[in-house]
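**Student:** Please work from the sequences and hints to get the whole structure.
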Amino acid sequence: GSDSEESDDNEEANASETDTEAEETEDTASEEENADASEELEGNVVIDGSGTVYPLMARLAEEYMVNEQPNVSVEVSRAGTSAGFEKFLVEDGTDFNDASRSIKDEEQAKADELGIEVMEIKTALDGLTIVVNPENDWATELTAEQITDIFVGNVTNWSEINSDWPDEKIQAYGPNENHGTYEFFYEDILEEQDLVGDINLQQEYSTLVTLVADDVNGIGFFGFGYYDNNQDQVQAVGIDFGDGAVTPSLETIGEEGPYADYTRPVFTYLNVNNAQEKPEVYDYAVYVGETINDFAGETGFAPIPDEEQQAQLEEIQAIQ
Amino acid sequence: MEKLEALHQNNKMNARLRKNSIWKSIFFLSTLFGLVVLAILIIRVLIQGLEWIDLEFITSRLSTQADKAGIMGAILGTLWVMVVVIPVTLIIGVGSAIYLELYSKKGKIQSFIETNIANLAGVPSIVYGLLGLTAFVRLMDLGNVVLAGGLTLALLVLPILIVSAQEALRAVPGHLSEASYGMGATKWQTIRKIILPAALPSILTGSILALSRAIGETAPLTVLGIPALLIPFPQGLLDTFTALPMQIYYWTLDSSLVAEYANLAAATIVILLLILFILNSIAIIIRNKYHQRN
Amino acid sequence: MSITTQKKVQIDVKNNDTTTESKTEQPRVVYDTKDLNLWYSETHALKDINLEVTENEVTAIIGPSGCGKSTYIKTLNRMVELVPGVGTTGTIAYKGKNILDNSMKVEDLRTQVGMVFQKPNPFPKSIYENVTYGPKIHGIKKKSLLDEIVENSLRGAAIWDEVKDRLNQNAYGLSGGQQQRVCIARCLAIEPDVILMDEPTSALDPISTLKVEELIKELKKKYTIIIVTHNMQQAARISDKTVFMLNGEVVEFSETDQLFSNPKDKRTEDYITGRFG
Amino acid sequence: MSITTQKKVQIDVKNNDTTTESKTEQPRVVYDTKDLNLWYSETHALKDINLEVTENEVTAIIGPSGCGKSTYIKTLNRMVELVPGVGTTGTIAYKGKNILDNSMKVEDLRTQVGMVFQKPNPFPKSIYENVTYGPKIHGIKKKSLLDEIVENSLRGAAIWDEVKDRLNQNAYGLSGGQQQRVCIARCLAIEPDVILMDEPTSALDPISTLKVEELIKELKKKYTIIIVTHNMQQAARISDKTVFMLNGEVVEFSETDQLFSNPKDKRTEDYITGRFG
Amino acid sequence: MATNSDSNVNKAVNVSELIAKNKKKKSINNYMEKLVPTILFLLASITVLTTIGILYTLISEAVHFFMEVPILDFFTGTELKPLSQNPEFGILPLLNGTIISSLIAILVAGPIGLMSAIFLSEYASDKVRRIIKPLLEILAGIPTIVYGFFAFTFVTPLIRTFWPQLEATNILSPGLVMGIMIIPMIASLSEDAMTSVPNGIREGSLAMGTTKLETTVKVVIPAAFSGIIASFVLAISRAIGETMIVTIASGSSKNFSFDITESMQTMTAFIVEVSGGEAPAGSTLHYSLYAVALTLFVFTMIMNLLAKYVSRKFREEY
Ligand SMILES: Nc1ncnc2c1ncn2[C@@H]1O[C@H](COP(=O)(O)OP(=O)(O)OP(=O)(O)O)[C@@H](O)[C@H]1O
Ligand SMILES: Nc1ncnc2c1ncn2[C@@H]1O[C@H](COP(=O)(O)OP(=O)(O)OP(=O)(O)O)[C@@H](O)[C@H]1O
Ligand SMILES: [Mg+2]
Ligand SMILES: [Mg+2]
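Chains as they are written, first to last, in my numbering: chain A, -18 to 301; chain B, 50 to 343; chain C, 3 to 279; chain D, 3 to 279; chain E, 372 to 689.
Misleading hints may appear alongside valid ones.
Stated by the list, open to error - Distance condition first, Cα-Cα at most 20 Å in a straight line; then the derived SDA-like pairs of lysine to any residue:
#1 K85(A) / L656(E)
#2 K242(B) / K138(C)
#3 K394(E) / L111(C)
#4 K145(C) / R168(C)
#5 K589(E) / N63(B)
#6 K138(D) / S177(D)
#7 K242(B) / K127(C)
#8 K144(C) / N385(E)
#9 K36(D) / Q120(D)
#10 K266(C) / D242(C)
#11 K68(A) / M189(B)
#12 K121(C) / L225(B)
#13 K679(E) / T164(B)
#14 K242(B) / I410(E)
#15 K121(D) / E44(D)
#16 K121(C) / G68(D)
#17 K127(C) / I335(B)
#18 K236(B) / I142(C)
#19 K154(B) / R168(C)
#20 K242(B) / N401(E)
#21 K498(E) / D195(D)
#22 K49(C) / G89(C)
#23 K394(E) / V108(C)
#24 K68(B) / M106(D)
#25 K589(E) / S177(D)
#26 K73(B) / G481(E)
#27 K224(D) / D195(D)
#28 K68(A) / A90(A)
#29 K155(B) / S682(E)
To be verified - Footprint (simulated), chain B over chain C, 3 or more residues, beta carbon under 8 Å:
#30 77 to 86
#31 107 to 115
#32 118 to 126
#33 133 to 142
#34 188 to 195
What the hints contain is simulated information worked out from the structure, not anything from laboratory work. Just so it is clear, CB atoms sit at the ideal spot from N, CA and C, and this is done for glycine as well.
**Tutor:** In structure tokens form, the structure reads like this:
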């Protein structure tokens, strides 16, 4: 109906707006314009899911509420990917579910059963980062095989890797099974080999950071964002995938980039039915599609390629 | 019994008195220990959080950007939750206490209910979270709104309130109610006009302490699923909300992502402690005033 | 070893000057207690009490601690039932109606039978509210009427002049003796027929005691009064009849002057001569 | 209106048969109180007390409620200092040493001066442990000696026969009168020189009272006893000297028979004739 | 004397007649007299409903868990690997963590709390007590989340300066901090118990020339024993139920060990972890949360019944 047309217009206005974000005055001016144009939407957009994706989605939601639609309330929760799907795949469920992994077959089946049309939106790329203690001046670069050896338990002493290195036991750390990061590490990097028995798996990232920061012989893995914000406490290990060591950074992380082997996408899933029924959900989905790359960097993620973003946006807009 | 003469000369009184004063110091130092820890704890959060506290921090909305973030939403959320907790616990709590103390006959039912209340008082708060999730969020289909959170916390502090209200009622001197009955007042008249007013200060003290427990609770709310980012202020009982302890929890969790969040958490702790401190002071003032009068 | 000492107490009981006043009509029995027994769970606290209390007289109950004085007086307005596990047999007829079965509502009984307690027990409210408590409870709302009641009752309790300027102050601010008189006023406010008093002066200083005693003598003109006291001289001074109780039994019940000057029972004599108690 | 009644109480005080016994030596002053004043924060509870207590006599203190009897007796073993804010002036010499400055350790004083309280206050322990409590604390460990102390003390308190078969039962299972005698035994166990008693029979029934009174007369042979009582007849029965206190002052202090038969002070007369109190 | 003027009191108002008249029409009051107890009874039974609600919530979900994991395995299993490829659901590591942390807590709070209680009730002046007691009670009122970070960012590093073996997450420091948290509980309740020992008993002892210490140890504490024990048991049950401190400061290793320098997980922390984690509905992991919660519930219930039993058993009659 006419509703959707209006919001389309609105979308375009907004898109141009984000480009000139730096200029505050213009920003507010166009905001007022929006209000005048009776484009003001109301309602709730409810987002739950992965805690990994949360910082990015929260940032986005805030930006949307502050600059685009002050009367739309976007609530972002962080129950975890699976718990989030639980709330997503019910009648009157959440509008979006953030996920640090792609939807599972069972979950998709549940959605089909309920008649919920689910759209996968790739939001950003995360680089799995291997970190060691800042005082560790030997293992600053490791090959991908050595990483696997360490975490699977094939080597247990630093000196087993290189006889110049200290004869000290390696202590491995990582997020526990609750986290998508663990799943990715286990499935994609270790190729489903069991982790070393005495690995210290933790629920909280803050704990992990502290643990590695405290243990000269420690080595741990987690998402790039947690390394990025704690560079004073831990140092990233350069990984040699065959062409020399690559340190993770917003530039190297990418599905095609040099750090591709340790890169994984993170998603948000949209309830398409909700987007069709509620203009604010649709509006927000479009906003996500348009601006997702603007906030990836500051929240510790690498952006997805522009073409991919464009294609995704079109797909979203096609909902109407 | 001349043997006892020894007792009067040789009872080592000096040594015993020395022992007494040594232990007295130990007892005093033990008491001091708790206070010192309290001081350290408070000083630490003050150092970390104080400079982040200003009017803007208190009155602004939540934000993912540390320098813009404020806690008005969390404060309002906490207040709204109290809007549910206060009447629900007071009515049910005082009602139950009156029933148990003044109406129920000493017997199986009464002892069953009292044992049950004592047990509930010891049930971990996180279990209440699970109850709230099942009963209010899912079964009553309220969602994670103020009402659901408030009812959960109300059930959590109810046993505490009942027990303290019972004590308050028990402490009302029997001669007051006797005087009332003696004039032909009925039981309910006596309760309403004499016993309740006399017990009121103690009941208030007890309920303030129970409320401050509710205000500081985090675990049940984590189970209910309180949004981590919620910018609009809650406007009513059926709005989603966030609360001060939840905000502290999320900020500290995410301090590994944004270092300043740790300061925000500390600043919020300061505010929360301040609120609790004010509530406790009120309770103490009421208590002392009341005690003086007796 | 046994006490061999002999003592004799002579008490010259006054001829109550008020007795001459209005006792011309036929004396009416207000309370008629027949074969009353009372148990606190296991304790047999009252044993076969038989007693008649006459209108417009002061009946004093004396006896050593624990003999059942309070228990008996509290049975007369059924306050004793507030203690759980109390059981009674026998009857107490109040103006002809047995109050121990439920033929009379206990609230109605207590409206007609006021009680003053050992420890002054004003409510923690203003003096005015203390006195109007009863009337209000019984449905009297009109301010002018209440004011009148307050003045009359406080006058009746001989305390009006002392408190008339501070009716709105908390009754706890008064001295013990004043509090006790306010309690009496509170009791008068609903115009009872009988007033029960359980050691009303035992917590008071000599001066206050004196005042309350005089008040009792005054009240006798309009009310029937039953008073428990541990002070034998007080019983002698103010009562018309005296009951001596021991171990839950009534040992002796007679005219006050006779009981003190010429006790019939050896135990009464022992008690009033201070051999025990 | 004022009380116009006149009463007269005559008490024939016995000639204590025990006084003849061992009073041949020079009577010694145990407590010599000089110009004692005591304040509870603001309350001036004792005013210029001057009093001498003689060895191996029973000194009774009487007076209306609140006159300072308990306060005075508690000053004699400095128990009164447990109340915060108590201040004193003057001196009390115990066997020549002033106990109000700190020249004598309060614990030592109390080891020599036992006390029996109004309400029986046995420890919630067995009878045996109650009696051995004092000796044990003061360093006596030997079982045989303790056993002996227990028997002697309980005999001394005239309760041995009643409890000898249940020494290991909790003292709370005893009746009030028995409890009080156990407390006396507990006090005897450390062989004090003086025993202070604050209304030791006021919570007891007549029979128990009698027993305790007889015990006191027996104890006098070995101990100096100071006893507070509200029962004038009791004072008359058991004491050698009597102190009458009023409003914190000593009104009269003399031989018991003289005080009761021939009071010098009008206030004493008023009190013993039951005009107040 | 004023009584002279009082004799002219007139019964003109005739209050008693008025009252008698009012009595007849006071039907609403009679109604209330009957209605009120019923309403109050219903209110009181809400607490029973709460218990039923908790039991229903926990049991209805735990049943699913026990259909997949035999009860015996659950209670005797020393391995808890809920998400591993070969998941194992032994609750012993959690029980272990819970018991050890509570034990440490009570070892701290027991002596300190009791000694504080002794100081407050036997030695401190009324004024000092009235200042210190509420101050101490603030400790119990501090949100546990605050304690959690206190343990993690202050106590652990502090201990590590002189005991480097201590891991960054360990069960020791949350145990210690939990102990601090429950000090006021023990201090306050024990103090109440000791204060309610009748003064007569205390005086009886002091009057025999004993020192305060002797009186306290030999008479007051034995007399207040039931109250003191009850306060201990209640404090322990509070420690068992404590969630945030261990969640934050002890990490989440499901360690079946007795080495207090290591990270361990308690039952409560496990519940937080799973309920905030990625366990899909219907998975064994999801249901395990309720099995653990049920165990926890039963555990604390036993503690409370124990407290009741103990305080009744040791109650002194005075
Ligand atoms: N609430 C009660 N429960 C059980 N027994 C009681 C109760 N009140 C009194 N008694 C017992 O009943 C008996 C009579 O007590 P009551 O209070 O009537 O004595 P009293 O003559 O008034 O004594 P006092 O002069 O001390 O007031 C006593 O043996 C007492 O122990
Ligand atoms: N702890 C206290 N604090 C303040 N004032 C007190 C205290 N104890 C007693 N008093 C006051 O000191 C005065 C004397 O009290 P005391 O207890 O010595 O009287 P008493 O003669 O023993 O009375 P009773 O016969 O009632 O036992 C009274 O006015 C009393 O109010
Ligand atoms: Mg009585
Ligand atoms: Mg006294």
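**Student:** Evaluate each hint against the coordinates.
**Tutor:** Hint check:
| no. | hint | verdict |
| --- | --- | --- |
| 1 | K85(A) / L656(E) | holds, 17 Å |
| 2 | K242(B) / K138(C) | holds, 11 Å |
| 3 | K394(E) / L111(C) | holds, 12 Å |
| 4 | K145(C) / R168(C) | holds, 17 Å |
| 5 | K589(E) / N63(B) | holds, 19 Å |
| 6 | K138(D) / S177(D) | violated, 25 Å |
| 7 | K242(B) / K127(C) | holds, 11 Å |
| 8 | K144(C) / N385(E) | holds, 14 Å |
| 9 | K36(D) / Q120(D) | violated, 26 Å |
| 10 | K266(C) / D242(C) | holds, 17 Å |
| 11 | K68(A) / M189(B) | holds, 16 Å |
| 12 | K121(C) / L225(B) | holds, 10 Å |
| 13 | K679(E) / T164(B) | holds, 8 Å |
| 14 | K242(B) / I410(E) | holds, 18 Å |
| 15 | K121(D) / E44(D) | violated, 27 Å |
| 16 | K121(C) / G68(D) | holds, 15 Å |
| 17 | K127(C) / I335(B) | holds, 17 Å |
| 18 | K236(B) / I142(C) | holds, 18 Å |
| 19 | K154(B) / R168(C) | violated, 42 Å |
| 20 | K242(B) / N401(E) | holds, 16 Å |
| 21 | K498(E) / D195(D) | violated, 37 Å |
| 22 | K49(C) / G89(C) | holds, 12 Å |
| 23 | K394(E) / V108(C) | holds, 13 Å |
| 24 | K68(B) / M106(D) | holds, 19 Å |
| 25 | K589(E) / S177(D) | violated, 24 Å |
| 26 | K73(B) / G481(E) | holds, 17 Å |
| 27 | K224(D) / D195(D) | holds, 8 Å |
| 28 | K68(A) / A90(A) | holds, 15 Å |
| 29 | K155(B) / S682(E) | holds, 19 Å |
| 30 | 77 to 86 | holds (count 4) |
| 31 | 107 to 115 | holds (count 6) |
| 32 | 118 to 126 | holds (count 6) |
| 33 | 133 to 142 | holds (count 4) |
| 34 | 188 to 195 | holds (count 3) |
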